[in-house]
Structures are given as structure tokens and as C-alpha cells.
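Protein chains in written order, with this note's numbering: chain L, 1 to 535; chain Y, 1001 to 1489.
Simulated from the structure, these hints should not be mistaken for laboratory data. Be a bit skeptical, because a hint or two may be false.
Said to hold, decoys possible - Pairs of lysine-lysine residues, derived as DSS-like cross-links and limited to a Cα-Cα distance of at most 30 angstroms, are as follows:
(1) L:Lys-388 with L:Lys-400
(2) L:Lys-235 with L:Lys-250
(3) L:Lys-88 with Y:Lys-1283
(4) L:Lys-285 with L:Lys-388
(5) L:Lys-480 with L:Lys-531
(6) L:Lys-158 with L:Lys-250
(7) L:Lys-10 with L:Lys-243
(8) Y:Lys-1377 with L:Lys-158
(9) Y:Lys-1329 with L:Lys-88
If you want the building blocks of each chain, they are given just below.
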Amino acid sequence: MPEIAHVELKVGLEVHVELSTRTKMFTRAANVAHADHFDAEPNTLIDPVVLGLPGALPVMNRAAVERSVMVGLALNCRIAPMSRWDRKSYFYPDLPKNYQISQYQLPLCFDGSVELPPMSAEGKVNYAAIAEASEAGGQLARTRIGIIRAHLEEDAGKLLHEAPGGHAIEGTLADYNRAGTPLLEIVTQPDFRTSDEVVVFCRWLRDVCRFVGATEGILQRGHMRFEPNINCVLKLSDGRTVKTPIVEIKNLNSFKAVQGAIEYELREQPGRWIRDGREMTPGSKTTRGWDDARNETFVQREKEEADDYRYFLDPDLLPVVMSVEAVERIRAALPELPLVRATRYLREYGLSPKEAAALVEERDVCLMYDAAIEHGVSLGLERGRAAKLAANAILQSGAKRANERSTPERAVLVSGLGISSEQIAEIMVLRDRGEISAQSADELFGLLCEMGGEAMGASPREVATRRGMLIVRDDAALDKWCDQVIAANAKVAEDVRSGKLQAVGRLVGEAMKLAGGSADAKTVRETLLKKLGQG
Amino acid sequence: MNVLESREAVRTRSASAVELTRSALDRASAINPKLNALVEIFPDEAVAQARAIDERLARNEPVGPLAGVPIALKDNICLSWGRTTCASRMLENYRSPYSATAAQRLIDAGAIIIGKANLDEFAMGSSTTRSIFGPTRNPFATDHVVGGSSGGSACAVASGIVPAALGSDTGGSIRQPAGFCNIVGYKPSYGLVSRFGLVAYASSLDQIGPFATCVADAALITSVIAGVDPLDSTSSPDAVPDLLTDLESPIANLVIGVPTQARSSANHPAVAAALELAVERFKRQGAIVIDVDLPHTSHGIAAYYLIATAEASSNLARFDGVRYSRRAKLEPGQDLMDLYCRSRAEGFGEEVQRRIMLGTHALSAGYADAYYLTALKVRRLIARDHQRAFDGGEGQPACHAILMPSSPSPAWRIGEKTADAVSEYLEDVYTVGVNLAGLPGITIPGGFTRGNDGTGGTPGLPVGVQLVGPAMRDDQLLRIARMLERAAQ
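The following block holds chain L by itself, in its conformation from the complex (with noise of 0.2 angstroms):
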């Protein structure tokens, strides 16, 4: 018996995303992935189209085959100028018509590759990476992906084996708010050779998703699911190569899921192979789901039945027309993909990696951030200190307002606090100028987020001057605040006199606090130095 030298991993991968758009593929009833109906009571998004009924017939949802084609181009795929509807035949109760709408033969987008973006050990976008990679102005050396195809269908309703709140029950209840919802199924080629590499793929197609606005991409709502298909390459002892049965791992739904069962079959199939010898072959292709709690692969379908779909043309749907000018119109409103746009910021901008990878994050975050640059470069800052300010502004007084107000079942945006980008940049101007200290902007950008507040609408500046927030420039108010503050701490001006500059910061405070904040701390303890024979 040969041993085995070396193991190659190969992994493809299915992903199915659901798109948020807000009424399913083929029908005008709601779509319960878009964010209105994420917990619509069971059966309430349903229409005589949905169920099935006798009569009823689709008719294509237009939204969904755009964004599709959105997500396509940024897969790099070639669009079809035609795509077809097929029926794809089983019986299943979560299947109201026993047939699913899907493409088969003609896929609305294929033919397309992805570049991996550089991982951090973590298997995260190394944005450090690429600003390294930017300032040496060389290229990073990328994997690439083969994308196969990205196809629409609709998805299937629920079936559950027990009642809500986890009550047994005589039978199976359905649930259809789910089925007709559109799924966009992306294929790949067996290219990757990592779990990492598979997971930071995973990654990046769920920010791309978010960011044409495809899908919500919330993967503990099932929005999106990844399905690989793992087996190894095995270098023998003897010279021969041989390659494991394939394993299809189905509907795993988290990141952590992908990666534990990727490299649960690359510890387990060297082994399995050694029991059982049988190598990959047509047929020998089994199913397996993932055990999250014992962290291990099991069987659901040992070998891959001879499925017959019976697909055909669906005779209810006209094809898919994608004329070059349609597809140019939607190239033209793909909006800057994350990556792009986190580079950018690391080249132009000179945000930190950190900074640029918590901006892109959402898409409405940048663009409230791109914009509120904009807007204070035409208040006259100069564009680089824009945007250093925005990026303080946001992920600061910004981050730290959505956290509070966000919830478990509830993200809030710093592009959902009710501040507006201008009122971003009108604080930026501000505090530029030295007219707030950095406390009050903070401050002012917290009032500026109350809704129906004082301060709703109104502008930072008047807001600013109604608060006293303004700095005060009257130099005579400045003396005496600081005079005040050397009279009453005696011993630490001293020190500060005898050479301890780093104990000015007390004397800063104490005055700082009799200007009651309207004053600026630099020209405080400038002042207050000078005064003690420092400055």
C-alpha cells in the first residue's frame, strides 16, 4: 500500500443569495427578504401565484434579474443577451407547483472570474496588504477564481417539524412566505485550494452583494447560503495521483460553517480513501450536511441518485432580453465595489486600513462619508483634510451613536442616525476652523442626531452658537480664566515653570472647565505655557 505523499485540496462552490427585492421573482406578492417582511407571521406573504393555485401564471420581476446582472458584472461574467426560464421537476411539499422556475440551459450571466483580494491570518481582506502593496506602487499577486455561472430562480417555502418555540407536533407545517422569493444562484470553478481562500471569497461576494444593493445578505436569515464541493488530490508514494469522491457539504449559512466543514473533509477524505479506496468517479459524488455542534460532516445522501428534472422550457415566461445598451446602463450605475473603494481611500486619502475596512463595511455608510467629503470641500476645506475629519466624524461620534442604538435584531447606520452628510461637513468646517473644540463637535453631532429635536434640520453653526458651544476668541476672558487656574493650583504651575510641561494638561482641564467648553484647548494651553515662562 502506497502512502500518501502530498494533499491537494480542490474546492467549487454553489452560493444561493436571496435578493431583497421588495416583491418576489414572479409575482407582486412581498418578498420576505426584503427588510420590511424579515418577520412576517408564516403564510402572510402569499399569493394564488405563490401557492400555485389552478390559473395562476409568473410574470418576471424586472428588479431582480437588474440586480442580478449587477452582481454579475462585478463577478466579471459575460451577460446573455438571452436567457430562458426552465422547469425543474420533484416533488417536494416546500415545492408548491412540484416544479421550480430556474435557468438551466441558458444562464442569465456566466463566463466570469474573480481576483481573491489578500487575506490577513484571520482569513479577512488584508487591507494593510493592499496600502503596502499601494505605497510601493507594485501589483499584488491574486488567485483567481473561475466563475461558471450566476443564474435566477425561486426559492422553496419551509417545512417545520415542530411548532414555533420548538413544541412537538403531529406532522409537518408549511410555510410559503419564502417560496417565490429570488434566488440567485453563482457557481464556480474548483479553484480554490484553501478553506481561507473559500471563505475570503464568501466575504467579498457578500459585500459586493450588499453593495449593488442585491441582497441584505443576513447569513443567520439564510440570505445567503454556500454550498462547496470539496475532494483532494492525493500524491502517492509510488508516483500515482488519485482524487477523492467528491462531497457536496449543503446549505451551510455562516462563515465559520464553510471553513469548519472544508477543512473537516480535508482531514477526513485522506483517511476515507485509505478505508474504502474508492476514488472520484461519474456517480460517486455524495451529500452531507453540517453538524455545527459536534463540528463534523454527516451524511444525507450516500451516493447521487440518477435525478431526473425533466427540465424544459417554461411555456408560461417570455426570455430574458438583455440588450448592450441595457447592460451598459447597468455597468454604469454599478456603484464603486468595496474593495475599489477601500483601496482608493488607502491611496487618496491616506486612511488607515482599519479605517478604510470599517467604512466600506455598508455602502450607505460610504456614501454618506464620500458625500460629506464633497460638501466640505465645497465649504472651501482642502480635500485630504476632509477626509481625515469625515473619517473621524463617522467612525467616531458616528460608530459610537449606531452602537448604541442598534439592537440584536437591529443594525443602525450612521447613515440611519438622522445626521445629514452636509451637517457632517458643516461640523468638519468647524472644528477646521477652530471653532469647537473636539469635544462639543462630538457633542453637537450627537444633538444633530436627535430627530425632531431642537436640532433637526437646523445647521451645526446655530446650534453651536445656541449651545455656547463656540469657541470664545475674547483674549481678555482667556487671561483671566488662566490666571485663575495658575492662582488656584500654585503647586502644579510651579512645576510647570521648573520644566514639567507634560503637568500643563491639569491647568488645561481646570480651565477648560471655567470656559465651560467654549474655549479652545491649543490656545488654552499655549496661552497658559506662556504665562508660566514655557512658551
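Given the structure of chain L, go ahead and fit chain Y onto it with the hints provided.
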């Protein structure tokens, strides 16, 4: 009273909508038990609808173009009241939550829905004998079939219960029973009338159309139900041809093509005679009648029964006993597969099961190329044959319409073909091509068998002649049909 007369009577107040409705209901009570045309009658709803029309008229408010006209619907057209059974055990108690677009347009136009008409189960058949409600009988000879699958609608019109009815035509289901009942039956171009709410048999072939006693009535009904529907992607977005304005104007320099294949020796003598009589009538009006060749006619039946059953096997998959439709009672230990198999075995009749199995086989891996895909090729050839006749060329003038029988024989005795499904399939030879090519076709009365020739009933059974036109030129087809009808009067 026909449709036009009925609406005129209501408009001029010479009869109220309620009177017309009650008269239709009385006629139904009197003869429906014998003929079994209607499977459900809506006396209360119909009278209420009629009363609303009369009240509008009394207030001098505008009413629709079919105000007060009693109409019946084939029971595979959804209506938001009563049951929509498709004459199947499967949907015995099914109530649709919505009305079909075509039904709703009739209602909006003021038509009074008297009841639902019998059919072959799920529109699969040519006799209206394969129904859980039992056979509909031919009003000209009650031991004979009425034709099908829209036989209940045809019978309701021919027996004078209603002046018009809607049917559906997948392979001749309007045109063949119209011929068997001596009335007009018209299948519009595919896409002219919305299929939303028509329980699908074969989606690429199904089309709703009217039965009436004259061409003008059929044109009027169709002008009401036709037109694009946002709920049916296959409904044509093009403007509906004007079916009414020029209906009475003859077509100048008319060219009628008669397929050599339609003069088959297999035709019943009365059918052959009706065809030649129609040829004579056209010639008398100055038309040129030429021979045309539809070389793939003989393959039409095979292609039709592969495509229709393939689509049916998929369309009828939803009837599984899970959400609605008949659910079998399971024994302990039986599982989901038993639920499917037993519900479908109990719910579907023999012919429906046969067609589902045929269609499933035709689409199966390893067989689809030989059966389904070959049938699609034949379908294209048949469409091309017809187009060639309409385009003319190679010394042939372009035909305005093709004339042929609506079926090779008149109505047969009930039970005569039940055991031999294929012999019934072959009766569709002149009608399926029209569906495969998406063309409009209309049957108008062509004559009768002689009462003593041993093949018909007494005093004789009707036979129809069929006219077929180019797609979406339904206006022209109806004008030609009107010319033939006028010549017969």
C-alpha cells in the same frame, strides 16, 4: 335571442336583464337535467348581477357592451364564486379565490354568469364524456357525444340556455364541439386572450375563446375579453385587431386555400360534402379557391400529443394533495410518497393519468430528444407550412384563409371510443395544427348528415367547417367567416 339581440333588448328596455337571466335559468332547469351542459348553476348570483344592471339602466347610468347577456363558463375558468372543478375528483370542492381575467372582463362588461359548463377532465378529451359529472349529451341526438373538451359550453349555447359561452381550445376543444353542435366556435390567435385564471392543460397551446350562434356574437364577446394582461406574460402586448368595425365588409379578391390533406378519404361523406359546399359558397362570392399543401399535417397529432402531454405532466404536478386538491387518507406507516401517489391516483381520471404518464415519459432523460424535442421540430415545420400558404409564392397566390373540416367525422355515439383513446385522438387531425402554429381558427356550421345514412342520428347530425387565418389577423378571419355565414343564410 342571440348576444346582439339580447343586449339590444336590455338597452331598449324591451326586456330586462333579470327577465333574460330568469329565462336562461328556466331553460337550464328544463333541459340541463337531460343534456348535462352545466355542472353548476348560479341562480342567486346571476339574478343579483342582472338586477344591478337593471338598476343602473333605470338610473340612466352607462352599462357595458354585454349588459344583461347571460353567459356560461367552461369549468376550467376560475371564478371567485362557486366551484372550479375542471370536472375532476381532484378539484371536486375547489373554490378559486379569484376570477380569471377573461371572466372578470365579461363581468365588467355587464355579462351575467349563469353557470359553469361541463368538460372532459382538465380539458383532456374530445367528447365531454370523461367528467366526474358524467357525459354532456348532444342536443341533436342525446345518445351522441357533444364533442370536447368544451362540450358543456357548446351544448349550453346549442340548446339555447345561453346565447354565448366561453370555452378553451388546446387542440380543437372549441372548434370541434362547435361543429358537432351546429354553432360558431372561435379560437383566437395565441396571446390574444389572457390565460390568467384558465387552469392550464398545455400552456403553449391553451387559448380561451367563445361559442356563439353567429360570427358577429363571437366577435363581440372576443372584443371584450381580448387584450394584454399584466398577469399573463404570454398575452400579446400588441393592439387587439378591431374585430367589429369592418365585420360586415367582404374581403375583395379573396383567396381561400384548401389543403390537399383536408380532402382525405377518411372524411365522413357529410364532412366532405360540407367542405365542398363551403368551397362553392366562397366561389359564388367571387373568391379564388386554390389547393394548398400542408405536408406535415399527418405528423400533427403525434407532435401535439407529445407537447401537450409534456406540458400537462408539469402543469398538473401541483395537484398533490398537500395544499389544496384531493388528499388521500393514509394508513399508518404510509409516507409522503404514498400521499402523492394515492392522492393523484384517486383524484385523476384514467385519461388524465394516461396523459401525465405520456408527458412525463416524453420529457424524461434519455427520451426527451427523441420525443419532446422532435415534436418541437415538427411544430416549427407545421407553423412553416401554414405560413407558406398565407405568404404565397412559387406561382401560388397568398391565401387569406385556409378552409378545412373541423373534424373528420360528426359526433359519435357516447361510449363508442372510450376504450380506444387513440381513435379519439385521431379526431383532432384538423384542429391541432392551428394550436401548434398559434393561429386563429373558427368553426361555423357546415350542414348535416342525412338522417338515414347509417352514421348519424335522426334527423341528422351537424358537421362544421373551419377557417384558419394568419396569426393576429383575427379581424380578417372573422370577416371571411362572416362571408361564408352570410352565403349560407
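| Hint by hint, which ones does the structure fall short of? | 3, 4, 8
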